[in-house]
Amino acid sequence: MMHLMLHIFKKDARRLRWAIALALLLQVAVAYVDATRNSAYPGMQEGWVTILLLVTWASLIALAVHEDSLVGDRQFWISRPYRWPMLLGAKLLFATAFVHAPSFLADAVILGARGFHPWEWIPHLLAKQLMLAAALTLPVMAMAAVLQNFAQLALTVVLIGAVIGNRVAFVADVFMSSWLAGLRVILLDGFLVAPFVLSVAIILLQFARRQTWRSRILGIVSVVVVVLLFSFVSPIFISRAQAALDPGDSRISIELGAMPAPGDLPDTFEPHPYREDNRWAELKLPLHIAGIPAGVRTYFMTTEFELTAPDGRRYKDQIEPHGLGGHWLLLRVRRALFDKIKNTNVELKVTAVALLFRRGETTTLPLESNRPVPLVGRCYSEVVEDKDRLGDGFGALRAVCESPAGFPLPPDIFLRQSGGTAIGPILTEYAPSLSPISRVQNSFSLRQEQFDSAAASKLSITPNIARGWQVVKVDLRNLHLSDYVY
Amino acid sequence: MSSPLRTEHLCKIYRRQEGLRDLTLEVPEGSVYALLGPNGAGKTTAMKTLLNIHKPTSGRAVVLGVDSRVLGADQLAQIGYVSENQQMPGWMTVGYFLSYCKEFYPTWRDSDLADLVKLYELPLDRKLNHLSRGMRVKAALASSLAYRPKLIILDEPFSGLDVLVREQLIESILERTPEATVFLSSHDLSEIESFASHVAYLNEGRLEFAEEMSSLSQRFREIEVTLEQPATMPSLLPDTWLNPEQSGVVVGFTDSHFESEKNRAEIQRVFPAVREVTTRVMPLRAIMVALAKSAKTAQGAR
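Protein chains in written order, with this note's numbering: chain A, 1 to 486; chain B, 1 to 302.
Hints listed in this document are in silico derivations from the structure and should not be mistaken for laboratory results.
Among the clues, some could well be false.
[To be verified] Straight-line alpha carbon distances no greater than 20 angstroms define the calculated EDC-like cross-link-like pairs of lysine to aspartate or glutamate that follow: (1) K342(A) / E306(A); (2) K11(A) / E46(A); (3) K11(A) / E222(B); (4) K10(A) / E222(B); (5) K150(B) / D125(B); (6) K102(B) / E67(A); (7) K284(A) / D339(A); (8) K293(B) / E228(B); (9) K55(B) / D73(A); (10) K458(A) / D412(A); (11) K102(B) / D68(A); (12) K127(B) / D68(A).
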C-alpha cells in the first residue's frame, strides 16, 4: 500500500508542480526577509509575501485534495482500487512535503541566521508546525474534502472568516508576542484543539466513507462549536487558564488602601483613553497589596470586576492589563450608572490575575553590537534617524531582543549614558508574524547631544523571569464611588 | 461462482425521488448482459449502486460474491468500469494515464495494453483533455481491459460514437476478455443487439423484464389482423397485447407473450370474423419501442 500512496503523491506533485514551485519561492522570500530583518516589525513587503504564502499553502493543500475529489460520483478514481488510508496518506504526505517540511527547514535556517542553534530549538519548531497543521492544513483539508471545487472552498473560507474573523483577530492579539508563548494555553482552552479535532473527524469520515452530507453537517457543527467556544473565551479566561497551568508560589492579598491627599498623587499616572469620553466615569481606587514574596514582582493581567448597586443592579466588565497598575485600581463605569449610584454604598468584587516575576542579572551591551543575553535570547541595537515616528528627538536608538521561546514578559532595557544617566524606552513593541523568532523592540528618542555621544553609551538589559501566576480576588463593601473619581 | 452480479429487491431513493424500485436480477457468469431503458430509467443509478458509488436505500446487491456496500479495492481490482460521463484526469497524457492506472492492478499485462494501444491507435503523448470523445472512451477502455477484469461494467459507453468505432470497441471487449462477464447499459438498442446474450428492461426505476435475448425475440411478435368487415375494437383485450391500434378493417398490436396456438385462439375469441393474420418477428429496437409506448400509455391512463 505504501508504494501506491507514493504513486498518488507523485501524481499530485507532478500535477501541481508550478504551484509547489511558487510556494517554495515565497517560502524562500519570507525566510530571506525574516532572516535579514533587524526590526520587530515585519514590514509591508514581508507582510504581503507572508499572506501570499499562507494563501498559496491553503490553495496547494486544497488542490491536492481536489485532485482526487471526494465529492461527486463521476470521478474516474472512485471505480479504481484505491484504499482510503493510502489516499489520505498521499494527501498528508503532500502537505508535509510541500508545506510543513519547507516551513520547518526555513525556520531552522532563520534561527541559524539569527544566531540560534536550530538543534536546540527543535521542540519549538515542531510545536509551530503542529499549530500550523491545526490552524491551516487540517481545516483546509477538511473543507476541501467536503466541497466540490476550489470556488466553493474560497467562498466557504470567506464566510467562515466573516463569522469567526473577529475572534481570530482577538486570539492573534492575545498571543501576538509569539507564536509559541501561548501554546499551552491555546491547547488548553481549545483555540486550536477544537479545529484540530473536528477537522480530523471530518477528514476521517469523508475519506473513509465519502458521506459528503454527513461530513458537511459535521463541518457546520464544527464551525458553530468553534464560534461558541471562541465566544466563551475572554482575556480573563485565558489568564485564569494560565494561572491554573502554572500557579505561582505566593499568597497575594489586596485590600482597599487609604486615599492619599490630592497633592500626593503620583505624577507618573498615565492618562487613560476613557477619561475624555463623557459616556464613562473613571474611578481610581488605592490598593494595599500584601503577600508578595521578597524579590518577586507582580504584573496584573486582565482584571474583571462586578459592581453591585444597593438596588441589586449589577455591572460587569473587564479591564485591560494597565487597569491595575502599581497600587491603583482603575475602573471605568458607564456615566449613566455612575450618576445613579455614586452617592450610595456599593459592593465591588474584583478578580485579577497576577503574573509573578523576578528580575534576573543585568547584562550590559555596547551600542550597535549583537550578543546573546542570558535568559533573554539575543539583543542588538542600532542608531537610526527616525524623526517621523519618534517626534521631537533628533534621532533614535532601536534595541531589539530576539528569542525563539517568546517573551511572557519583555526584558527591561535602559540606555545608560557615559555620565550614568539611564534613559527608558519611549516605545516597546511586538508584532505578529510567521517568524519562528519572537522579537521585542524598544525605541529610545535621542536629543542632539545624546545622539552625538551615543557611541559611549551602553544598553543595560535585565530579564524578567516569570515565576507563575495567581488569581487574586478582592471583595470591597460599602464603597462610596464619588470618593474615587479620577 | 455462478453469478458475478446479483441484486435482490434493490431500491435507491434520492430524497423523494425513486431511482430504483425493487430491482431483482441475476447476471450469469460469462454473459453479456444489457440493461436497457429510456433516459432516466435508473440504469446509471443501478450501476453506481453496484459499484458502491451509491449506497442502496434497501435491498442489496452482491458483486463478485461481496455485498456492494462493502465493495473495496480487492473487488475493484477485478472490475473494469467505463461510463459515458466519467470525469477523466484531463491534464494527463494518455501514456501517463495508462501507466498511472497500471500500478493499481496486480494482474495488469503490458502486452495486452500494447495491443490495445495499437488497436485503438491511441496517441500516448496527447492529453486526455485534447482527445475526441471516442478517443477518450478508447483510453478508458484500454485502462480497464489491460488487467483482464472478471466483470466489465459499461454505462452507456458507446453513445455518440460512430458505428465503426462502436463495432471496433465491442469486438475488442469480446475478444480481449472472453471469460469476463459484461454488464452494460444503453438506451440505443441497435448498439447491443448484435452481441448481448441477455437483456433487461428498466422503466422508471422498475424492472419490466429480464431474460435471454433468444427467448425475448421469440416472445415478441408484431401482429396484424385484417377483419372481414369494419368492427369496433373491443374494450377488453388480452393483457399481453400491447399498443392495439385500428385502421379500418386492419387491427395491429404487439403480442408480448407470443405462442402461435394461443395467439390464434385469442384472436378468434376477440374478433369473430378474421380474414387474415400476419405475424412478424420483431427486431430488438421494435420491441423496445413497443414497450416504451405501452408504458407511456399505461402511465397516461393512471
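We went through each hint and held it up to the structure:
As the CA atoms of K342(A) and E306(A) are separated by approximately 15 angstroms, the hinted pair is consistent with the 20 angstroms bound. For the hint linking K11(A) to E46(A), the alpha-carbon distance of about 32 angstroms lies beyond 20 angstroms, and the restraint is violated. Restraint check: the Cα-Cα separation between K11(A) and E222(B) comes to about 57 angstroms, which exceeds 20 angstroms; the hinted pair is violated. Using a Cα cut-off of 20 angstroms, the hinted pair K10(A) and E222(B) is violated, with the two alpha carbons roughly 60 angstroms apart.
A distance of roughly 30 angstroms separates the Cα atoms of K150(B) and D125(B); the hinted pair therefore is violated under the 20 angstroms criterion. Straight-line distance between C-alpha atoms of K102(B) and E67(A) comes to about 18 angstroms, which keeps the hinted pair within the 20 angstroms bound. Restraint check for K284(A) and D339(A): satisfied, since their Cα atoms lie roughly 16 angstroms apart, inside the 20 angstroms limit. For a cut-off of 20 angstroms, the pair hint linking K293(B) to E228(B) is broken: about 28 angstroms separates their Cα positions.
Between K55(B) and D73(A) the alpha-carbon distance is near 12 angstroms, which keeps this suggested pair within the 20 angstroms criterion. A C-alpha spacing of about 14 angstroms is found between K458(A) and D412(A), which places the hinted pair at or below 20 angstroms, so the restraint holds. For the suggested pair K102(B) and D68(A), the alpha carbons sit about 17 angstroms apart, so the restraint of at most 20 angstroms is met. About 18 angstroms separates the Cα atoms of K127(B) and D68(A), which keeps this hinted pair within 20 angstroms; it holds.
When each numbered hint is compared with the structure, violations occur for hints 2, 3, 4, 5, 8.
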